[in-house]
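Enquirer: All chains should be built: construct the whole structure from the sequences, respecting the hints.
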Amino acid sequence: MKTLKDLEEIRKRTLDTINLRKDQSGTRIVVGMATCGIAAGARPVLLAIMEEVEKNDLSDVIVAQTGCIGMCKLEPIVEVYRPGEEKVTYVKMNPSKAKRVVNEHVMQGKVVQDYTIGAEE
Amino acid sequence: MKMYRSHIMICRGTGCTSSSSEQIAQEFEKQLKLHGIDEEVIVERTGCFGLCALGPIVIVYPEAAFYSLVKPEDVEEIVKEHLVKGRVVKRLLYAETIEEDRIKSLNQVNFYKKQVRVALRNCGIINPENIDEYIAFDGYKALARCLTELKPEEVIDIVKRSGLRGRGGAGFPTGLKWEFTAKAQGDMKYVCCNADEGDPGAFMDRSILEGDPHSVLEAMAIAGYAVGGSQGYIYVRAEYPIAVKRLSIAINQAREYGLLGKNILGTGFDFDIELRLGAGAFVCGEETALLASIEGQRGMPRPRPPFPANKGLFGKPTLLNNVETYANICPIINNGPEWFASMGTEKSKGTKVFALGGKINHTGLVEIPMGTTMREIIYEIGGGCPNGKAFKAAQTGGPSGGCIPADKIDVPIDYETLTALGSMMGSGGLIVMDEDNCMVDIAKFFLEFTVDESCGKCTPCREGTKRMLEILDRITKGKGQEGDIERLETLAKNIKASALCALGQTAPNPVLSTLQYFRDEYEAHIRDKKCPAGACQALLQYIIAEDKCKACGICAKQCPVSAISGKPKTPYVIDQGKCIKCGACLEKCPFKAISRG
Ligand SMILES: Cc1cc2nc3c(=O)[nH]c(=O)nc-3n(C[C@H](O)[C@H](O)[C@H](O)COP(=O)(O)O)c2cc1C
Ligand code: SF4
Ligand code: SF4
Ligand code: SF4
Ligand code: FES
Ligand code: FES
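Residue numbers (the numbering used here), protein chains in the order written: chain A, 1 to 121; chain U, 1001 to 1597.
Check each hint, because a few of them may be wrong.
What the hints assert, rightly or not - For lysine-lysine, the following DSSO-like pairs were computed, each having C-alpha atoms within a straight-line distance of at most 30 Å:
#	chain 1	residue 1	chain 2	residue 2
1	U	1002	A	22
2	A	99	U	1104
3	U	1002	A	99
4	A	73	U	1033
5	U	1030	A	22
6	U	1033	A	92
7	A	22	U	1071
8	U	1113	A	110
9	A	12	U	1002
10	U	1033	A	12
Keep in mind the hints are simulated off the structure, nothing from the lab.
Expert: Shown next, in the form of structure tokens:
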């Protein structure tokens, strides 16, 4: 039998894996959180993004996690999906870069070219 | 659950399943393995997305790429291009979701833009066979809150304040019904769910059960807590095998988690649910017949009162609600009654699910706030009538309802306005008719249905509807007589006044409503032996225009019954006695000399 606490744990754990499906009207920021992503420091990046989103009251922005994106050496990777725009992939992220992406790209629509995968290649 | 970079959501609702979506799901699994990315990408089977006409539908996240009319042979391309190389396969995207070559968000697509999904909130988003996904989107939170923070009276008060009314047809205030059942005296009480869904063309309840079965289970448990019941039954038709299977899985998973059964969440509250399969008789959807059928007796209505709230299943106080009614309960508890009551009109709160069918471009399932106009549903969401035909009327309320003619297209849809127009909300079937539909024929269609489904217990319904059908039948065959309209009206009045249950009492509605708005069509059939819409075969005539006929003889060769004769140089003629109105000659005449009228 599950307790209230168990339920809450299942909720959190499962939500992390599936909230990238929810509500497509706003911007979605997806963080790669597979083993290598986490090893490369994806968790502080995720936390920084969530903090920034909360601080600025971006209620229609969804922060979601995803698994292996297949580019382990470029982790941590963050993808930004703004409605009606091409996806932008940011690589080798850290918390301060992530904050800049939220402020400039998500809030003002200006892609931070320096951090994109294009700049890396 | 493991983290996957991409989620492939494949509709396994009844519509898409019948167009081989399971085969597509398996092909995806095979191709993902073949390309070595089956550890990174997950295939999920979901319930209906609503746009069944474009099925099979596949949505790929995180892009939310909406692929429509997917065929098994398209799968390899989607895997190779989209999932391996990250390039969306534009050719297969639902055209309306792309704008200037980019994917629009689904909420900006016409079909979804005006929709507000409350009862359908999880349909297409979660895997209905995985309770964890339901829990992730706030599942069982409402039940937990009720059991640990609210008294039964408080739960009832919340439902009352939300303004929720029954979605099964009659629109009775749900909170009041709960209160009556809670106050009824009895050592044992039952909580039942009506999933009989017998209206032709309706599949709202089926989609909820297929796409989000736990939303109904959780709400029933909350209802049990509120009214003091510990046993629930879901009466579902056996013709819904996918719904039955998903419900059984859901019940088992809920039991495993201790969310059904004894001592739920350690609070001391017991509640369990069993399924009862119905054979699919329309009358078994009527509440007293349904309860009789659960008891194992023949599904026949009995007079009320006593109402089920006082004397229902096995003579005990019983709460019966519709599937969609239950599906609204948890969001009401979670978001508050004020949130729910802020949607809709003065007396009709919240949203309503409709199954759009008939002459409409986007057949499928839509959920709209009460008060949305018929115009918004038909033109903005439904995309209008196919082939540029003119919209003529829409039938709501199925065989108990009536039609809304084109000139009433701007009225807001809620319980009151539909009733005032001579129709009713009903359970949510919405059948669209265009200029080619004959309204006498439509009335006949619904009456044929009720004649077939009448249980035969009382005479007005058993015999009266048959007499009405006979009259309609002869009108459509060009054998109508003066006085037939009046005869229909008298019969209708008598049946409405004397039938035992609502099946009989409402059976004349489609006739009365078409008479109210399209009386001239009835008159044209009876007096001029003409069907203005050109739908009644028996009243059609194929005629060769003498001045246009070049006597080529092509039509005569086409005619399957040799009804056309002629000689060179003189116009050909059709023998009306022999003609079976197949239309072959009209299509083939190179000089357009043949017309239908
Ligand atoms: C002939 C007939 C068929 C009915 N069929 C259904 C049905 O399929 N599903 C349903 O929920 N209610 C049906 N009803 C209405 C039920 O009797 C009952 O009012 C309803 O299930 C109550 O639930 P609600 O208050 O949540 O709407 C039918 C009524 C009649 C008279
Ligand atoms: S009205 Fe019709 S369906 Fe209802 S009890 Fe009478 S015969 Fe049966
Ligand atoms: S096909 Fe047309 S033109 Fe030729 S004989 Fe028939 S009606 Fe006349
Ligand atoms: S409608 Fe068919 S049956 Fe009638 S005359 Fe033309 S081809 Fe023959
Ligand atoms: S595990 Fe991170 S990209 Fe592969
Ligand atoms: S059954 Fe697939 S969209 Fe409705």
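Enquirer: It remains to establish, for every hint, whether it holds in the given structure.
Expert: Results for each hint:
| no. | hint | result |
| --- | --- | --- |
| 1 | U/1002 / A/22 | 17 Å, holds |
| 2 | A/99 / U/1104 | 26 Å, holds |
| 3 | U/1002 / A/99 | 27 Å, holds |
| 4 | A/73 / U/1033 | 23 Å, holds |
| 5 | U/1030 / A/22 | 26 Å, holds |
| 6 | U/1033 / A/92 | 29 Å, holds |
| 7 | A/22 / U/1071 | 26 Å, holds |
| 8 | U/1113 / A/110 | 27 Å, holds |
| 9 | A/12 / U/1002 | 13 Å, holds |
| 10 | U/1033 / A/12 | 29 Å, holds |
When each numbered hint is compared with the structure, no violation occurs for any of them.
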